[in-house]
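Participant: Below are the chains, spelled out letter by letter.
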Amino acid sequence: MIKSSGTILDGDSRPEGSGTGTGPRNADDCGKLLLLQADFDGELDAAQAVVLAEHRASCPVCKRNETILAAARQAARGVAYHHVSPELLRAVAGRIGVPRAEADSASEAPPRCTRAWIPWQGIAGFGAGAALAAAVVLTLLPAGRPESIAALVDDHVRALQPGHLLDVVSTSRHTVKPWFDGKLDFAPPVKNLAGAGFPLLGGRLDYVDGRAVAVLVYGRGKHLLELFVWPESTGMAEPARATRDGYNVIHWQSEGMSLSAVSDLDPAGLAEFVREWRQAPP
Amino acid sequence: MGSDNVFAAVALPHLDAAFNLARWLTGSRADAEDIVQEAMVRALTYFPTYRGGSARAWVLQIVRNTAYRALQARRGERRGEQTGADEAVDVETIPDIAVDPEKALILSDDLCRMDALIERLPPELRETLVLRELEEFSYREISQITATPIGTVMSRLWRARRLLVQAAAEGETR
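Those protein sequence lines, which keep their order, are chains W and F.
Per this note's numbering, the very first residue in the first sequence carries number 1001; after that it's consecutive.
Per this note's numbering, the very first residue in the second sequence carries number 7; after that it's consecutive.
Keep in mind the hints are simulated off the structure, nothing from the lab.
Remember, predicted model here, so these are calculated numbers, not experimental data.
Careful, some of the hints might be misleading.
Unchecked claim - One-sided excerpt, in silico: chain F residues whose CB lies under 8 angstroms from chain W:
no.	residue
1	14
2	15
3	18
4	19
5	26
6	47
7	50
8	121
9	124
10	126
11	130
12	160
13	161
14	168
15	170
From the three backbone atoms N, C-alpha and C, an ideal C-beta is built for every residue, glycine too.
All chains should be modelled from the sequences, with the hints used to inform the complete structure.
Facilitator: Shown next, in the form of structure tokens:
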């Protein structure tokens, strides 16, 4: 928030040639233009919001500018998010000297070059209705099932701290899968979904509720997804969702394994991940 | 984990964001890949001075600097042949033209065209828009990444949005 540097329009944050300055104003600027924009961007504190609310109730310019802000956001958030290719991830891993994957790009699908990442805004209009629907029809996880939802989210948040995320850094399931050998008494399924826009980044071993779990880490734009895998039968084969502290969780079962995907990614995006995971061959 | 692995765990999760920014700044996948590789090597060198805070903002700051250096070098090469061909527009003085935002709202559904319109924004405006709308950084973080005062970030953001909507609305009458 801007609050910490004083109000939005003072000191070094005074916009050039706009807003409250003495220079000429253009037709867009009723004097509260940048306050309006800051409100739109969630950057206003309560005091500024009050000032703005009084003004905009009777300002036709503000009303028009709101439409411009909304149109710009809809346009900008719909454009291509350029995802890193597995080859580049491997190349970078090599350059910075971390254990690199064997060259096995043939076994991984090439990245989808289209805009695989559809933002939450205007989602129905962009033909991603299916993803949204998938998220909506998921049943809610019954309270307390599995018991460890809170523990999973806590672990996910802890892992996001520097240095805790990955024990093995690799985009290759042929590197990540053997890494777990001998460290766990079960063999977690490992899939790279780079082709679907969810590149595998690596994995780690963790303990959740006193039980050893395999954690697979995936990227999605600026978001991280973690898939927790452990052997347990909860009798819940179909995916069910939960939300805790702003993180979304989808839990399901497959072949004697419990799987929980945890992320701050929106529910539709997480549902897409789960769908891709379940469809991908082992 | 060794220190390299600590770096990897801090920086690698932001590789997508790094690539996205580099791609939007250069307009080329191949250039963006070179820039990301160079930036990550640089980041590894600077890592001992990383003091925590948003790792994503820190990584993108390095990516941006690397990208600008590459773009400048290339512009220098080209200047030998042709002079002043693509001088930067003075982004602070772009005039506003009346637009119909309602029309732009409808037209913004055409995403391929929006890609092209954003490509045509001056780089200072383009990066501010990408950092805000695609990466959802706060004003303060954008200010840090672009080494620009918050007030300038705000006016650039408005100009970027305004130009984008304007260009979208103009396209229809063409």
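Participant: Can we keep the residue 126(F) interface hint, with Cβ of chain W closer than 8 angstroms?
Facilitator: This interface hint is violated because 13 angstroms lies over the 8 angstroms limit.
Participant: Using Cβ atoms only, decide whether residue 14(F) comes closer than 8 angstroms to chain W, and label the hint accordingly.
Facilitator: holds (4 angstroms)
Participant: Minimum Cβ distance from residue 124(F) to chain W below 8 angstroms?
Facilitator: Nearest chain W Cβ about 6 angstroms off; hint holds.
Participant: Against chain W, with CB atoms and a cut of 8 angstroms, does the hint on residue 168(F) hold up?
Facilitator: OK, holds: residue 168(F) within 8 angstroms of chain W, min 6 angstroms.
Participant: Less than 8 angstroms between beta-carbons is the criterion; does residue 170(F) satisfy it with respect to chain W?
Facilitator: holds (5 angstroms)
Participant: Using 8 angstroms as the Cβ threshold, decide whether residue 18(F) counts as touching chain W.
Facilitator: holds (6 angstroms)
Participant: Please check whether residue 19(F) passes as an interface residue: C-beta within 8 angstroms of a C-beta belonging to chain W.
Facilitator: holds (5 angstroms)
Participant: Tell me if residue 160(F) is really an interface residue toward chain W, meaning its C-beta lies closer than 8 angstroms to one of theirs.
Facilitator: holds (5 angstroms)
Participant: Hint residue 50(F) vs chain W: min CB-CB distance below 8 angstroms?
Facilitator: holds (5 angstroms)
Participant: With a cut-off of 8 angstroms on the beta carbons, see whether residue 121(F) makes it to chain W.
Facilitator: Where the cut-off is 8 angstroms and the nearest Cβ of chain W is about 5 angstroms from residue 121(F), the hint holds.
Participant: For the restraint on residue 161(F), tell me whether the closest CB of chain W is nearer than 8 angstroms.
Facilitator: Cβ of residue 161(F) sits 4 angstroms from chain W, so the hint holds.
Participant: Would you check whether residue 130(F) satisfies its interface hint, that is, whether its CB is within less than 8 angstroms of any CB in chain W?
Facilitator: Result: violated, 12 angstroms to nearest chain W Cβ.
Hint compliance for this structure: hints 10 and 11 are broken, all remaining hints hold.
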